[in-house]
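Q: Single-letter residue listing:
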Amino acid sequence: MLAKRIIPCLDVKDGVVVKGVQFRNHEVMGGIVELAKRYADEGADELVFYDITASSDARVVDKSWVRKIAEVINIPFCVAGGIKSVEDAARILEYGADKISINSPALADPTLITRLADRFGVQCVVCGIDSYYDEATDRYLVKQYTGDVNRTLITKWTTPEWVEKVQECGCGEIVLNMMNQDGMRKGYDLKQLKLIRSLAHVPLIASGGAGEMSHFRDGFKEAECDGCLAASVFHKGLIHIPELKDYLRNEGVIVRD
Amino acid sequence: MSKQKVTIIDTGVANLSSVLFAMNRLDADCIISARESDIRNADKLILPGVGSAVAAMKSIRERHLDDLIVNVHQPLLGICLGMQMLAGFSEESMSQGTDAVKCLGIVDGGVRLMKVPGLVLPHMGWDQVDHDGSCPLFKDIPSGSYFYYVHSYALDVTGHTAATTTYGQTFSAVVNRDNFFGTQFHPEKSGPIGHKLLKNFLDL
Chain R
1 MLAKRIIPCL DVKDGVVVKG VQFRNHEVMG GIVELAKRYA DEGADELVFY DITASSDARV
61 VDKSWVRKIA EVINIPFCVA GGIKSVEDAA RILEYGADKI SINSPALADP TLITRLADRF
121 GVQCVVCGID SYYDEATDRY LVKQYTGDVN RTLITKWTTP EWVEKVQECG CGEIVLNMMN
181 QDGMRKGYDL KQLKLIRSLA HVPLIASGGA GEMSHFRDGF KEAECDGCLA ASVFHKGLIH
241 IPELKDYLRN EGVIVRD
Chain L
1 MSKQKVTIID TGVANLSSVL FAMNRLDADC IISARESDIR NADKLILPGV GSAVAAMKSI
61 RERHLDDLIV NVHQPLLGIC LGMQMLAGFS EESMSQGTDA VKCLGIVDGG VRLMKVPGLV
121 LPHMGWDQVD HDGSCPLFKD IPSGSYFYYV HSYALDVTGH TAATTTYGQT FSAVVNRDNF
181 FGTQFHPEKS GPIGHKLLKN FLDL
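As you go down the protein sequences, you meet chains R and L in turn. In terms of this note's numbering, the numbers along the first sequence are unbroken and rise by one, the last being 257. In terms of this note's numbering, the numbers along the second sequence are unbroken and rise by one, the last being 204.
Keep in mind the hints are simulated off the structure, nothing from the lab. The structure displayed is predicted, hence computed values, not measured ones. Possibly wrong hints are sitting among the right ones.
Only part of the chain L face toward chain R is listed, based on derived beta-carbon distances under 10 Å [what the hints assert, rightly or not]:
1) G12
2) L16
3) S145
Pairs of lysine-lysine residues, derived as DSS-like cross-links and limited to a Cα-Cα distance of at most 30 Å, are as follows [said to hold, decoys possible]:
4) R:K236 / R:K194
5) R:K37 / R:K63
6) L:K58 / R:K37
7) R:K165 / L:K115
8) L:K196 / R:K37
9) L:K5 / L:K139
10) R:K191 / R:K221
11) R:K68 / R:K84
12) L:K102 / L:K58
13) L:K102 / R:K37
14) R:K221 / R:K194
15) R:K68 / L:K5
16) L:K115 / L:K58
17) L:K102 / R:K221
18) R:K63 / R:K221
19) L:K58 / L:K139
20) R:K37 / R:K191
21) R:K68 / R:K37
22) R:K37 / L:K3
23) L:K199 / R:K68
24) L:K196 / R:K68
25) R:K13 / R:K156
26) L:K102 / R:K68
27) R:K37 / L:K5
28) R:K37 / R:K236
29) R:K221 / R:K186
30) L:K115 / R:K194
31) R:K13 / R:K63
All C-beta atoms in this analysis are idealised placements derived from N, C-alpha and C, irrespective of residue type, glycine included.
Full structure from sequences and hints, please.
A: The following block contains the structure:
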């Protein structure tokens, strides 16, 4: 049986791993390669590296750390942040990343998704979606440039519409970042996840809000996600991956040994 | 034992660094090349693969590698698309309205879009590989072990199938004919178990 994936997310800023609450107030968590290696050894199924400054800054960001990760770890990993062109993606894949994830640049130009899928195959192209629950209108809305509080804006897209659009364009996997939950450790937004699951015919990864082991179980069993992504619970040692996998196995979730 | 000389065959379309890094971790003397002498002089050959079957086969023919690959005597390992290229044909191009692309024809069967009612495609993530212990790549690797997959097309189960995985349908996870081996999964991305499989290949 295809195993459900546990995916630690490492937010990278200026060459170190950081974590903030609701995308703000970043605190340094450790070195990139050292944390990547630790998670791979502990049984993480995949890793995601978000260069969180990249899309907001106009500067060209040095991505040579991608190669260092690829040399050391032997599980798949995805790089996100600042990929604005086919050339940007080609460089990161040449360094040894397995997938690239695009977010703000896809919103600016959805044809980028198609160009990436045509060149590298759909399996390489992940779309990250920063989804915000707007209580006033009771809708899920897509935000752009969330890496920089001063530039963050609400797009014209509702999350369900954007999910349909990215799949039409050739996206091979969706990471749904539920912004209201991010860093709060109160669980994933299951209502939203189930809605998006019903629309997604590509793998769906839940992101934002994991705080306890039961939250992962709910993401897999209730919302039927393919992967659950989390950051602070792993970085702060609140949840250890081997224990999490034992727990999930006992709860009847298929996980890799 | 002296260092194994490994040539990763440069098909011109694939991203090769992951396989190269995996060989470095195994302390192999590994190069990426499409030169005939580098292919002939290697102890082991790897046919990697990312991209589309059409582009890969076109590139192989343009580089005149097809006859060379079919006739090599050293152990050769095709990975993912590299494994699919060992088959008779691939239907990967057919969504664009063209005919199936002819592949190298080393192992039986064809490559087709997976039929997975109710499941998502691509088949992406860690899945179990079932084998009967007879294929030397699986020395000290239990049947049912997890390997990392990323694909939407798969090779039929035939007489050359050495291991299978079931995702909606049962397909060839590993093929073997004589000195030719192929894995649909990515051993270079499959953690310690994948490392072990690649070591078994180098030990052949």
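Q: Against this structure, judge whether each hint is valid.
A: We went through each hint and held it up to the structure:
The closest approach between the C-beta of G12 of chain L and any C-beta of chain R is roughly 13 Å, which is over the 10 Å cut-off, so the hint fails. Because the smallest distance between the Cβ of L16 of chain L and any Cβ of chain R comes to about 9 Å, under 10 Å, the interface hint for this residue holds. Interface restraint check: S145 of chain L against chain R, minimum CB-CB distance 8 Å, threshold 10 Å, status holds. With a C-alpha separation of about 28 Å, the suggested pair K236 of chain R and K194 of chain R falls inside the 30 Å cut-off, and the hint holds.
For a cut-off of 30 Å, the pair hint linking K37 of chain R to K63 of chain R stands: about 18 Å separates their Cα positions. Only pairs whose Cα atoms come within 30 Å are accepted, and K58 of chain L paired with K37 of chain R is rejected, the gap being roughly 38 Å. Of the supplied pair hints, the one linking K165 of chain R and K115 of chain L holds, its CA atoms being roughly 24 Å apart against a limit of 30 Å. With a C-alpha separation of about 18 Å, the suggested pair K196 of chain L and K37 of chain R falls inside the 30 Å cut-off, and the hint holds.
Restraint check for K5 of chain L and K139 of chain L: the C-alpha separation of about 21 Å stays at or below 30 Å, so the hint holds. With a CA separation close to 13 Å, the supplied pair K191 of chain R and K221 of chain R stays within the 30 Å bound. Restraint check for K68 of chain R and K84 of chain R: satisfied, since their Cα atoms lie roughly 22 Å apart, inside the 30 Å limit. For the suggested pair K102 of chain L and K58 of chain L, the alpha carbons sit about 10 Å apart, so the restraint of at most 30 Å is met.
With a CA separation close to 41 Å, the supplied pair K102 of chain L and K37 of chain R exceeds the 30 Å bound. Restraint check: the Cα-Cα separation between K221 of chain R and K194 of chain R comes to about 11 Å, which is no more than 30 Å; the hinted pair holds. Our distance criterion of 30 Å between C-alpha atoms is met by K68 of chain R and K5 of chain L, whose separation comes to about 24 Å. Between K115 of chain L and K58 of chain L the alpha-carbon distance is near 26 Å, which keeps this suggested pair within the 30 Å criterion.
Straight-line distance between C-alpha atoms of K102 of chain L and K221 of chain R comes to about 42 Å, which puts the hinted pair past the 30 Å bound. Restraint check: the Cα-Cα separation between K63 of chain R and K221 of chain R comes to about 36 Å, which exceeds 30 Å; the hinted pair is violated. For the hint pairing K58 of chain L with K139 of chain L, the CA-to-CA distance comes to about 35 Å; that exceeds 30 Å, so the pair is violated. At roughly 34 Å between alpha-carbon atoms, K37 of chain R and K191 of chain R are farther apart than 30 Å, so this suggested pair is violated.
The straight-line distance between the Cα atoms of K68 of chain R and K37 of chain R is roughly 11 Å, inside the 30 Å bound, and the hint therefore holds. A C-alpha spacing of about 26 Å is found between K37 of chain R and K3 of chain L, which places the hinted pair at or below 30 Å, so the restraint holds. For the hint linking K199 of chain L to K68 of chain R, the alpha-carbon distance of about 22 Å falls within 30 Å, and the restraint holds. Simply put, K196 of chain L and K68 of chain R have alpha-carbon atoms about 22 Å apart, close enough for the 30 Å limit, and the pair holds.
A C-alpha spacing of about 28 Å is found between K13 of chain R and K156 of chain R, which places the hinted pair at or below 30 Å, so the restraint holds. For the hint linking K102 of chain L to K68 of chain R, the alpha-carbon distance of about 38 Å lies beyond 30 Å, and the restraint is violated. Restraint check for K37 of chain R and K5 of chain L: satisfied, since their Cα atoms lie roughly 27 Å apart, inside the 30 Å limit. For the given pair, K37 of chain R sits about 16 Å from K236 of chain R by alpha-carbon distance, which is consistent with the 30 Å threshold.
With a CA separation close to 17 Å, the supplied pair K221 of chain R and K186 of chain R stays within the 30 Å bound. Between K115 of chain L and K194 of chain R, the direct Cα distance comes to roughly 24 Å. Compliance with the 30 Å bound is thereby established for this hinted pair. Pair hint K13 of chain R plus K63 of chain R holds up; C-alpha atoms about 11 Å apart against a cutoff of 30 Å.
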